[in-house]
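Colleague: Listed below, chain by chain, are the residues.
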Amino acid sequence: MVSAVFHSPRDAAALLDAPPAAGAAATATRSHPSAQAVPATQKPPLARDPIDWRRHAGRVLAPMAGLALLIGIWGLMTTKGGAFPTPAATFEAAVKLFSDPFYRKGPNDQGIGWNILNSLERVALGFGLAAIVGIPLGFAIGRFKTLNAMFSPLISLLKPVSPLAWLPIGLLVFKAANPAAIWTIFICSIWPMVINTAVGVQRVPEDYLNVARVLKLSEWKVATRILLPSVMPYLLTGVRLSVGTAWLVIVAAEMLTGGVGIGFWVWDEWNNLNVAHIIIAIFVIGIVGLLLEWMLMAVARRFDYS
Amino acid sequence: MPVINSPAVNTRRTLQIQDAGMVFPTKRGPFVALRDINLDVQRGEFVTLIGHSGCGKSTLLNLVAGLTTPTSGVLLLEERELKGPGPDRGVVFQNHSLLPWLSCQDNVLLAVERVFGETESKAQLQQRALAALELVGMSHAVAKRPHEISGGMKQRVGIARALAMEPKMLLMDEPFGALDALTRARLQDELMKIVETTGATVMMVTHDVDEAVLLSDRIVMMTNGPAATIGEVLRVDLPRPRERVELAENRAYVQYRKEVIDFLYKRHSHVEKAA
Amino acid sequence: MQANKCFIRAVEVWVPGNDRSLLEFSAGLYGSARRFGALSRQMCFGLGEGLPGQAWQSGRPVVLKQFEGANFKRTQAALAEGLTCGIALPIFAGDYLTAVLVIFCGDDEAHAGAIELWSNDPAESKDMTLEDGYYGSTADAFEFISRRTAFRKGTGLPGMAWESGLPVFVEDLGKGERFLRSDSAVKVGINRGFAIPCATRGRSHVVMAFLSAMATPIVRRFETWQPDADGERLYRVGGFCEATGTVPEGPGSAFIERGQGTLGRAMFTGVPAIGESAASEPGLVGQAAGAAALDAVVALPVLRDGRLQAVVAWYF
Numbered sequence: 001m002v003s004a005v006f007h008s009p010r011d012a013a014a015l016l017d018a019p020p021a022a023g024a025a026a027t028a029t030r031s032h033p034s035a036q037a038v039p040a041t042q043k044p045p046l047a048r049d050p051i052d053w054r055r056h057a058g059r060v061l062a063p064m065a066g067l068a069l070l071i072g073i074w075g076l077m078t079t080k081g082g083a084f085p086t087p088a089a090t091f092e093a094a095v096k097l098f099s100d101p102f103y104r105k106g107p108n109d110q111g112i113g114w115n116i117l118n119s120l121e122r123v124a125l126g127f128g129l130a131a132i133v134g135i136p137l138g139f140a141i142g143r144f145k146t147l148n149a150m151f152s153p154l155i156s157l158l159k160p161v162s163p164l165a166w167l168p169i170g171l172l173v174f175k176a177a178n179p180a181a182i183w184t185i186f187i188c189s190i191w192p193m194v195i196n197t198a199v200g201v202q203r204v205p206e207d208y209l210n211v212a213r214v215l216k217l218s219e220w221k222v223a224t225r226i227l228l229p230s231v232m233p234y235l236l237t238g239v240r241l242s243v244g245t246a247w248l249v250i251v252a253a254e255m256l257t258g259g260v261g262i263g264f265w266v267w268d269e270w271n272n273l274n275v276a277h278i279i280i281a282i283f284v285i286g287i288v289g290l291l292l293e294w295m296l297m298a299v300a301r302r303f304d305y306s
Numbered sequence: 001m002p003v004i005n006s007p008a009v010n011t012r013r014t015l016q017i018q019d020a021g022m023v024f025p026t027k028r029g030p031f032v033a034l035r036d037i038n039l040d041v042q043r044g045e046f047v048t049l050i051g052h053s054g055c056g057k058s059t060l061l062n063l064v065a066g067l068t069t070p071t072s073g074v075l076l077l078e079e080r081e082l083k084g085p086g087p088d089r090g091v092v093f094q095n096h097s098l099l100p101w102l103s104c105q106d107n108v109l110l111a112v113e114r115v116f117g118e119t120e121s122k123a124q125l126q127q128r129a130l131a132a133l134e135l136v137g138m139s140h141a142v143a144k145r146p147h148e149i150s151g152g153m154k155q156r157v158g159i160a161r162a163l164a165m166e167p168k169m170l171l172m173d174e175p176f177g178a179l180d181a182l183t184r185a186r187l188q189d190e191l192m193k194i195v196e197t198t199g200a201t202v203m204m205v206t207h208d209v210d211e212a213v214l215l216s217d218r219i220v221m222m223t224n225g226p227a228a229t230i231g232e233v234l235r236v237d238l239p240r241p242r243e244r245v246e247l248a249e250n251r252a253y254v255q256y257r258k259e260v261i262d263f264l265y266k267r268h269s270h271v272e273k274a275a
Numbered sequence: 001m002q003a004n005k006c007f008i009r010a011v012e013v014w015v016p017g018n019d020r021s022l023l024e025f026s027a028g029l030y031g032s033a034r035r036f037g038a039l040s041r042q043m044c045f046g047l048g049e050g051l052p053g054q055a056w057q058s059g060r061p062v063v064l065k066q067f068e069g070a071n072f073k074r075t076q077a078a079l080a081e082g083l084t085c086g087i088a089l090p091i092f093a094g095d096y097l098t099a100v101l102v103i104f105c106g107d108d109e110a111h112a113g114a115i116e117l118w119s120n121d122p123a124e125s126k127d128m129t130l131e132d133g134y135y136g137s138t139a140d141a142f143e144f145i146s147r148r149t150a151f152r153k154g155t156g157l158p159g160m161a162w163e164s165g166l167p168v169f170v171e172d173l174g175k176g177e178r179f180l181r182s183d184s185a186v187k188v189g190i191n192r193g194f195a196i197p198c199a200t201r202g203r204s205h206v207v208m209a210f211l212s213a214m215a216t217p218i219v220r221r222f223e224t225w226q227p228d229a230d231g232e233r234l235y236r237v238g239g240f241c242e243a244t245g246t247v248p249e250g251p252g253s254a255f256i257e258r259g260q261g262t263l264g265r266a267m268f269t270g271v272p273a274i275g276e277s278a279a280s281e282p283g284l285v286g287q288a289a290g291a292a293a294l295d296a297v298v299a300l301p302v303l304r305d306g307r308l309q310a311v312v313a314w315y316f
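Chains as they are written, first to last, in this note's numbering: chain W, 1 to 306; chain H, 1 to 275; chain B, 1 to 316.
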C-alpha cells in the first residue's frame, strides 16, 4: 500500500517552508508518489532498510510449510497403497500430462491446456454477459428508488438458488451443453455484480454529490466523473465475487453436461478410475481460480484511492 | 450615527437575504430551522455566522449556496433571485470533498471547466487551475492525489477549487473545523491574504470565537434553535492586515471577543421581563 | 430621594401650555437637587428651546451628554448638583404630544451609569443601532462595542424592549468588567439594565436604555403595571426592588382604578405623573413604598399607537 507522502509533520513543514524555486523544481517532474519522495533540495535520502528476513519468511516459507505438511500427511496415508495414489505417483502423472498440454487426438481427447482454455472461454462469455447486463442494471437500481423496490425482492428470491438448479432450464431452452453452461455462469455470476453496483451507487458520499450540485455538473458528467469512479471499488468487488463463483460453477456444470473442459475431464477421468488425474485436476482448478483472483485484485488495487 | 448596514448603492450589495425562513417537514411534524432572516452583505465584505450547534447557521449557508430552497422569503445575489446552486457561489465544505480519484489539479480543473470550458481552450483552463493552486500555496503538489496530502493541504485545494471559478461569493462552512490548531491558524492567515488579494466577498460559518473576530468585518450572531434567527450583528473595526499576535493584546480585540462570548454563553441571565 | 444615590437623580414632566406654544412645568422630583428643582419650576420652553423644547421639536428622544455649550438653560445649577447627563422623552398619544419627560442622571467615580438611545428605522433595515449615548464614568470599551453592535428584535436589552413593546429590566447584564474604566479598583457588584420603548412621531422604533454598575441602582424600585382589556384597571405584572429583590405579580384583587393615585392619573391622562409621597398612595403602591421606605413615585405611561401598553412605576 502506498503511504501518503506528507503524513510526517516534519516533511510537511519542510515542504511548506521550501522556497518557491525548490517547490517548482519538485513539481517539474510529475513524480509518482512513493514512500521515499523527498524534494531534491531537502534532506539526504533515507538509508535503505536491511532485508527483512522475517517478513519474507512469513510470506513464503509459512505457506510452503503448510503445503509440505499436507503432502506429508497425504503420503503417510497412502503408504499402504490402495485406490488413492501416492504423492509420488501423482507427480509422475502430472509431469506426463503437462509435457504435452496442447495435443489433439480427437474431439473428446485433448490436452489439459485446451481443457482449461475451453472452460475459461465459457466463463468469460457467461461472465461478460453478466457484466453487460448486471452492471447497468445495478446502476439503475441504485440510482432510482422505484426500481430498487421493484427488483430487490426478486433478486433476494433468486440469489440463493444453486446455479446447478438453473442448468436444466438452460438445457431445455438452448438444447446444447455449451450454451447451457454459459447460461448457468451468467445467472449465478450476475447477482453479486448487480447488488454490489447498486450498493456502490447508493453509497456515493453525499459530499461528492454536493460538489456536483455546487458545480452544477450535467447528468452525464455526474455519471462519468463522479458516480463511476466512486462506484468502481464496489463494482470490482462484485466482479471478484462473480469470477470466483463462475469458475466454481463451470466445473460442476461441465461435469453434468459433458463437452470439452476441465470439469468434463474430471468426470471423464473418474469414469476411467484415474484418481491421480482427478487430484491433479483439483490442483489445476484451484490454481487457475487463484490466478483469476490475483489478477482482479491487482486491478482493484489500481482503483483504490485510500 | 454608527453605520452598520450602509444604505448602499445597489451594486455594492452582493447578497440580500429578505425575510428568509426554513421549515423542514419531519416525521414529528414541521421543524422550523430558521425564521425572519434579514441580512445584506456588501461586496468585499467578510461576514461570519456564529452560534451554537443547531442554530441553523449551516442551514443558512446552504440557503445562500442554493443547496436548499427557503420555505419563505427570498435571497438575491447581485439583485437576482437565487435559484439553486451554481458556480457563482464557490463553496468550501468542512471536509474538503475533493474527488479522490483526481489529482489536485484535476479537481480544480473540474470546476474551472464547468465555468470557463465553453469559451477557453484546454491550455487556458489548465493555466487557471494552476494559478488557483499557486494562490493557495499548493503549486508543489498539483499532481498529487488527495490521499497523498495532509488535511490542511486538502482544504487549501478546496479553497482553490472554489476561487478558481471566480465566484461572486465564497461560502465556507467551518472550513478549518477538522484541522489541528496550528494548521488552522496558518490557514486563517493565508485566507486573509487570499481574500485581500482577490477582494472576495466571503460568508463563513464558524463556532470559533477567535476565528470570527480575527477574520470578519462583521460577525452575525445567531440565536439558539429551533426557529433560530439573527440576534446581534457586530461590526469589527480592527485595521487590516490583522496580525494574530499583535491582536491578542489589542483592547478592542479583547472586547469584541468578550461581546461574542457574552452573546453565546451568557445570554440574558436573570432576565426580569416586565411582561 | 434617599441619600444613597441612584443613577437617576431628577425627573421632570413638561406639558404643552393651553395654546400649545410653550412647554410648562407640570411636575418634578428632584431629591437632593433642590436648587435645581427650584430653578426648573419657574421655567418654560418654546419649541426647540432647551432640552425639553428639542425633544418636542424633533419628536424623538434627545440625549444631553454635556451641559456646557449645549442648548441647555440650566447648566450651572445642574453641574452644581452633580447632574451629569439628561434625556428628554416626548410622550405621544398618536401624533399628539402629551408631555415631555426629562430625566437627569448623575454619575461619578463611585457610581457608574450610562444612557443609551437605540433606534430602528424599519424602512432601512431590521437592525436596532445606537443612535446616541451617554457613558460618563463608564469604560470606553463599553461605548466602543455598543456603537458597533446592531440588535435584532428580541435580542439584547434594547431588542427585547423593542419586541415586547414593554419595559424590560435585567438584573445582571453580565457586562460588568467591561462597564468600568480599567483603572477602577472596585470590583463590579451590580450591573443593572433597564430599557423602555419610546413612542416617536414617525415610523422609527426607539428604545431608551439605562445601565448602571458599581452598586448604583438606577431607581430604588421599579414596577410594571398593565391595563386590562377595557383599559379601566391597572394590574401589577412584576418588577424589581433593590431592597427586596424581584417583585411578584400582584394579586388579582389588587388593582388600581383609572384615575386613582399617581399611577391611575398617568393612566388616565397619558401624561407622566409624580407622587411625592409614595407611602400615601393607594393600594399596593403605598404598601410597597411604606415597606421599603421609599419616598416618591413616578408613573410613566408607555403608549403605542395611542393605546396604553403599560404604566411603569419608578420609586425613589
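There's no promise every hint is true.
Under the rule of at most 20 Å between Cα atoms (straight-line distance), these lysine to any residue pairs were calculated in the SDA-like manner [to be verified]:
(1) H:K83 to W:P136
(2) W:K221 to H:S103
(3) H:K258 to B:E143
(4) H:K258 to B:D108
(5) H:K266 to B:A292
Think of the hints as simulated: they come from the structure by calculation, not from any bench.
Colleague: Now tell me if each hint is right for this structure.
Modeller: Outcome of the hint check:
1. H:K83 to W:P136: violated, 32 Å
2. W:K221 to H:S103: Distance of about 17 Å is within 20 Å: holds.
3. H:K258 to B:E143: holds, 14 Å
4. H:K258 to B:D108: Violated, at about 25 Å.
5. H:K266 to B:A292: Since the Cα atoms of K266 (chain H) and A292 (chain B) sit roughly 31 Å apart, the hinted pair is violated (cutoff 20 Å).
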